[in-house]
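Protein chains: 2
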Amino acid sequence: MLVQNGFSQDHPNLILTKQGVKDIKSQLGKVPLFDATLAQVKADVDAQILEGIDVPIPKDMAGGYTHTRHKLNYLTMQEAGVLYQILGDEKYAIYVRDMLNEYAKIYKGLPRHPQERSYARGKLFWQALNDSNWLVYTSQAYDCIYTFLSKKEVKYLEKELFKPMADFLSIDTPQFFNRIHNHSTWGNVAVGMIGLVMDDDVLIDRALYGIKGLKLDAGKDNDGGDIFVEGQKAGFLANLEEPFSPDGYYTEGPYYQRYAMYPFMIFAEALQNVRPETKPFEYKNGVLLKGVDALLNLTDKNGDFFALNDSQKGMSYYSGSLVSAVDIAYFYGKKDPALLSIAKEQGRVQLDQTGLAVAMDIRDGKAKPFDKKSILLTDGAKGDEGAVGILRSTKQDALTLVMKNAAQGLSHGHYDKLSYSLFHEGNEVLQDYGLARFVNIEQKNGGGYLKENKTWAKQTIAHNTIIQDETSHFNGDYDTGSKHHSDMYVFNVENPDIQIVSAKEKNAYPGTLLQRTMVMLNHSDFEQPVVLDLMQVNSDKKHQFDLPFYYLGQVISTNFDYKKEETLHTLGKSHGYQHLWKEGEGTSTSGDAALTFRNNNTFYTITTTVSDKDHLIFGRIGANDPEYNLRPDPVLIVRKIQTQLYLPRS
Amino acid sequence: MLVQNGFSQDHPNLILTKQGVKDIKSQLGKVPLFDATLAQVKADVDAQILEGIDVPIPKDMAGGYTHTRHKLNYLTMQEAGVLYQILGDEKYAIYVRDMLNEYAKIYKGLPRHPQERSYARGKLFWQALNDSNWLVYTSQAYDCIYTFLSKKEVKYLEKELFKPMADFLSIDTPQFFNRIHNHSTWGNVAVGMIGLVMDDDVLIDRALYGIKGLKLDAGKDNDGGDIFVEGQKAGFLANLEEPFSPDGYYTEGPYYQRYAMYPFMIFAEALQNVRPETKPFEYKNGVLLKGVDALLNLTDKNGDFFALNDSQKGMSYYSGSLVSAVDIAYFYGKKDPALLSIAKEQGRVQLDQTGLAVAMDIRDGKAKPFDKKSILLTDGAKGDEGAVGILRSTKQDALTLVMKNAAQGLSHGHYDKLSYSLFHEGNEVLQDYGLARFVNIEQKNGGGYLKENKTWAKQTIAHNTIIQDETSHFNGDYDTGSKHHSDMYVFNVENPDIQIVSAKEKNAYPGTLLQRTMVMLNHSDFEQPVVLDLMQVNSDKKHQFDLPFYYLGQVISTNFDYKKEETLHTLGKSHGYQHLWKEGEGTSTSGDAALTFRNNNTFYTITTTVSDKDHLIFGRIGANDPEYNLRPDPVLIVRKIQTQLYLPRS
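In the order they appear, the protein sequences are chains L and Y. Quick note: the first sequence uses my numbering, first residue 5, plus one each step. Quick note: the second sequence uses my numbering, first residue 5, plus one each step.
Hints in this document: simulated from the structure, not taken from any laboratory. Do not rely on the hints blindly, as some may be mistaken.
The list treats identical chains as interchangeable, and a pair is accepted whether it falls inside one copy or across any two copies.
Here are the simulated lysine-lysine pairs, PhoX-like style, with alpha carbons at most 20 Å apart [unchecked claim]: (1) Lys568 / Lys586; (2) Lys372 / Lys163; (3) Lys567 / Lys577; (4) Lys237 / Lys348; (5) Lys288 / Lys586.
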């Protein structure tokens with residue numbers, strides 16, 4: 005390896021370290037998983053180098069060419085930087101240097117991105133968020149080729165590109181930078197990472213603690229989230245402090261926890277390397293390491309994250325951000341051998357000392373199974389704002405119940421207190437709809453959230469929980485919802501054959517107390533575990549109550565008669581009901597209503613106690629959906645009309 | 005091995021032979037795939053033996069207990085017989101003997117099955133068809149333990165069980181036995197197999213040539229098929245002669261070819277062993293061996309059979325009947341090494357000399373890939389009744405087009421001349437709906453065909469082909485449809501970049517000539533192959549024409565405007581239209597209409613030339629479906645109203 009000049013010998017020190025590089029080089033060819041990852045990354049980067057550098061003037065939404073190209077650029081630069089360090093081939097450093105120069109040439113002259121949809125537009129991308137992604141990755145590339153650059157080149161890049169970008173993402177875009185939100189985390193980390201490489205205390209301080217003394221007009225972001233809350237702390241540490249519960253649950257939900265986990269973990273690694281006195285992995289009783297563990301527990305048998313709040317289905321711990329998170333957690337945590345089995349499944353490692361350690365220990369047979377257990381993950385900074393309860397049958401993954409008794413979840417929250425979803429062997433059989441968005445598909449609103457996310461996906465009726473008078477919890481009002489959270493009543497999984505989660509919700513409907521108790525029961529009468537679902541409602545007046553079951557599969561049989569409609573009308577006018585077709589209705593005179601459906605060659609039965617006055621409504625999602633943004637999934641709704649329960653209020 | 009008495013030393017000779025058993029024993033432990041299959045079968049049978057024998061009085065429909073039990077009984081007896089021969093452990097012979105005695109005790113006294121739905125009820129099962137399944141398997145078990153039985157036991161079983169059953173399935177149920185139909189094939193083979201074991205020439209003759217001099221009242225079976233056609237030959241050889249084309253295509257379609265392939269192949273093997281002078285594998289120029297090859301070509305990348313006519317989706321060459329068929333075809337055919345790669349995928353072999361040969365040759369590395377190529381499979385006994393054309397892009401399995409230009413397909417045929425389905429990498433993206441039936445699910449009409457099979461699945465509108473005046477081809481009339489077939493015009497796949505299939509249909513609508521030409525085209529402008537679809541219609545009057553595209557996936561975008569309906573009505577009143585909801589409609593003024601949809605993370609676009617007078621109708625299956633028997637899949641229909649094309653008639 006040729007070092008062109010000697011003004012700084014301290015790089016790389018951000019993610020890769022000099023010792024790390026030395027260790028990696030000494031092990032090359034001896035660690036299968038690391039070697040395989042390296043070979044794959046090399047093949048990808050070599051192909052990109054052959055294709056040549058393109059730094060287009062930004063213009064497209066997500067999914068469009070310029071968006072995709074700039075994204076590929078930062079990913080490739082990060083990898084090329086790593087290859088330069090590990091393989092010592094200058095072509096990788098040259099590639100990064102030349103591309104950075106292209107960016108430096110245009111950066112200061114670029115206006116904000118021409119697509120005006122975001123509350124915080126970037127320059128390279130339509131959102132400052134994506135510009136932050138760029139800087140988080142590119143900081144690593146810059147660190148890796150730092151010693152390859154001349155002093156003049158360093159000064160040029162920092163003056164024309166990195167410092168202006170860091171300021172742009174913070175000082176110039178405070179509504180993005182100074183919040184408690186995954187967006188801000190990315191912004192904080194972007195500024196912090198480049199600050200560490202540049203050894204710029206101002207930037208590092210800003211990253212850790214936010215912009216001081218800032219006064220912002222109140223307002224909402226594109227998702228309806230509060231941008232500025234009086235007295236709110238900001239910066240990386242505040243974003244670590246507030247949205248994470250002591251159990252490591254991130255209040256926005258697992259999908260965004262996955263997304264935020266990369267900046268959280270990579271910056272923690274960088275701080276650990278460059279400013280170890282900050283002790284990032286010990287912060288808040290080691291909440292970052294707990295967060296990785298929590299996130300891995302928030303998955304089904306296939307490793308797919310539960311679709312709580314705004315969640316894109318199918319996102320799993322195979323995603324790149326979790327590869328990094330698992331490797332970093334292994335290395336800086338207690339070397340938990342269960343993490344190795346996840347890394348093994350992931351099939352690749354981060355190309356640094358953490359990934360090396362993981363790959364070596366896998367090679368040496370140290371992996372142990374990651375046993376997902378029944379677990380309660382509290383919500384709220386202090387762990388006192390409800391919780392997500394996960395029950396798993398003892399026959400591992402045969403049945404998994406996820407019950408959401410948590411707080412609002414910031415701007416990505418849905419209005420579905422005491423809701424649940426149910427999985428069998430990795431198949432979701434009673435579903436949480438997730439978000440209404442086609443991520444990175446430009447034709448669908450530029451890949452952004454669709455209006456049906458608000459009118460349908462966030463509404464209570466889109467979930468497996470109770471709805472009073474066809475009105476969403478908290479009347480679907482974000483400010484009201486954000487003031488409250490459900491309260492845990494019982495979580496007891498000591499007896500694996502009778503596992504219980506129970507919670508109360510007293511604010512979703514003023515005057516009405518909701519309590520739901522769910523029991524996962526093994527009983528000798530049943531081959532498979534069964535779930536008991538006890539929904540208790542105490543109300544001070546008569547109301548209509550709807551309890552939907554979003555079964556996924558085909559109707560096989562019912563124990564009650566129903567009649568399908570000859571023309572289909574919507575089930576209601578608002579609060580999501582306008583998106584449901586009413587397909588049919590029945591009643592049961594036997595005291596219970598049972599629906600058997602088939603999913604993936606397995607049969608499931610929902611049996612619910614009903615009176616002969618209750619309406620059993622078959623519905624399907626898809627009404628008032630002018631652009632086919634919704635999935636046409638089915639639902640069975642048990643409706644009680646003019647009902648008041650007189651149980652004493654607790 | 006103990007032979008209790010010596011009155012016959014010629015058994016086993018039906019499927020397993022004495023030499024075969026000797027060869028197998030000499031190879032035990034040396035042939036991985038054979039050994040693995042044997043271990044699995046032993047585990048299954050041992051578990052059944054522990055569970056004990058149960059021969060319940062028949063009462064249930066398919067999927068019910070007695071049905072499932074009797075089915076498990078014959079499968080287990082067949083396997084136990086094989087284990088007795090291979091392993092020499094008498095417990096297997098005793099199990100078969102004792103179970104056969106239980107059957108013999110009750111058989112003659114049993115009335116026809118109490119479920120009265122079938123045109124040909126069995127005794128053990130609701131259909132004589134299933135009784136025939138029983139006898140085909142049980143004959144093999146009987147042959148395997150024949151030498152273990154005393155003369156008295158043999159006489160008892162033949163007198164009380166086998167002879168009466170053979171007569172019951174033939175003489176007593178001629179409407180079942182004496183047809184050209186997969187049902188009759190099973191009946192013929194059942195009688196023939198037991199005839200071979202019993203060395204009963206009368207039964208063997210009846211199996212091969214049918215019941216002589218029979219006069220039956222004309223009538224239809226449950227599927228609407230003709231039971232008796234004047235001058236029609238019957239028996240195994242006629243069933244081999246007529247429904248198979250010279251290319252080995254079975255006119256009912258691949259789903260039933262799969263089902264019939266087991267009796268065809270197993271009886272051919274038995275004849276080859278016991279009556280080699282019949283030369284079954286040479287019959288009709290080796291049509292049986294060609295049939296196996298044809299069937300393997302009628303599958304997508306995953307090995308799933310194309311859903312032509314009445315077909316249950318998801319049935320594949322992994323099914324047991326294809327394991328036997330592939331092994332037998334390998335052994336008695338030209339030892340085609342491509343069959344070995346299929347057997348390898350199947351992961352098990354038939355436990356006889358054919359499976360042994362396959363497993364040994366796989367072990368010895370002789371397998372070669374089975375390359376599915378573009379292929380034309382003619383229909384009709386003489387190959388002159390149209391054909392099924394399969395185009396595969398040269399990038400194997402990237403794109404597969406299946407075009408149906410064949411004959412009616414007997415009682416399992418659908419009214420969909422010139423229709424097609426399209427697959428990409430094993431995903432069906434333009435679908436053939438297949439059948440409307442839940443096989444073996446008792447809750448759904450006892451596992452039998454649903455009424456929606458006739459009102460929906462067989463109708464032309466359920467397929468990707470043209471419909472005139474909302475009326476099915478041949479007015480949906482079976483007798484008319486059975487008189488005609490489409491005619492091939494071109495099938496040319498010499499140039500892999502321009503593959504063409506073209507066919508004409510002049511009888512579906514009197515006065516209207518239909519011709520459809522489909523081209524699979526590789527062009528440097530496209531990364532993937534594209535399909536050109538030229539539908540030409542010459543009619544003597546003005547008509548309405550509908551051309552549906554049953555795209556599977558989610559709408560991503562269109563290049564035309566459309567409006568979704570606020571209430572949903574059915575698209576029509578009959579011929580299947582009553583099962584379609586009309587979801588929306590649009591028009592295009594640009595001269596073409598393009599729909600982009602997403603399936604399995606891949607994007608597909610259908611572009612069709614239209615005038616601004618054409619209606620672009622979005623529909624969904626599921627109307628008039630009182631019991632949720634249909635899948636709610638989407639369709640785009642291009643409708644031309646009051647159209648007459650004046651191209652000269654050819």
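Right, here's what the structure says about each hint:
1. Taking the shortest alpha-carbon separations for Lys568 and Lys586, both the intra-copy value of 9 Å and the inter-copy value of 16 Å come in at or below 20 Å.
2. Within a single copy, Lys372 and Lys163 get their C-alpha atoms no closer than 49 Å, and across copies no closer than 62 Å, so neither meets the 20 Å cut-off.
3. Taking identical chains as interchangeable, the C-alpha atoms of Lys567 and Lys577 lie at most 20 Å apart only when they sit on different chains, with a minimum of 19 Å there against 22 Å within one chain.
4. Taking CA atoms no more than 20 Å apart as the test, Lys237 paired with Lys348 passes in neither setting, with 39 Å inside one copy and 63 Å between copies.
5. With identical chains, the CA atoms of Lys288 and Lys586 are never at most 20 Å apart, being 49 Å at best within one copy and 57 Å at best between copies.
Checked against the numbered hints above, the structure violates hints 2, 4 and 5; every other hint is satisfied.
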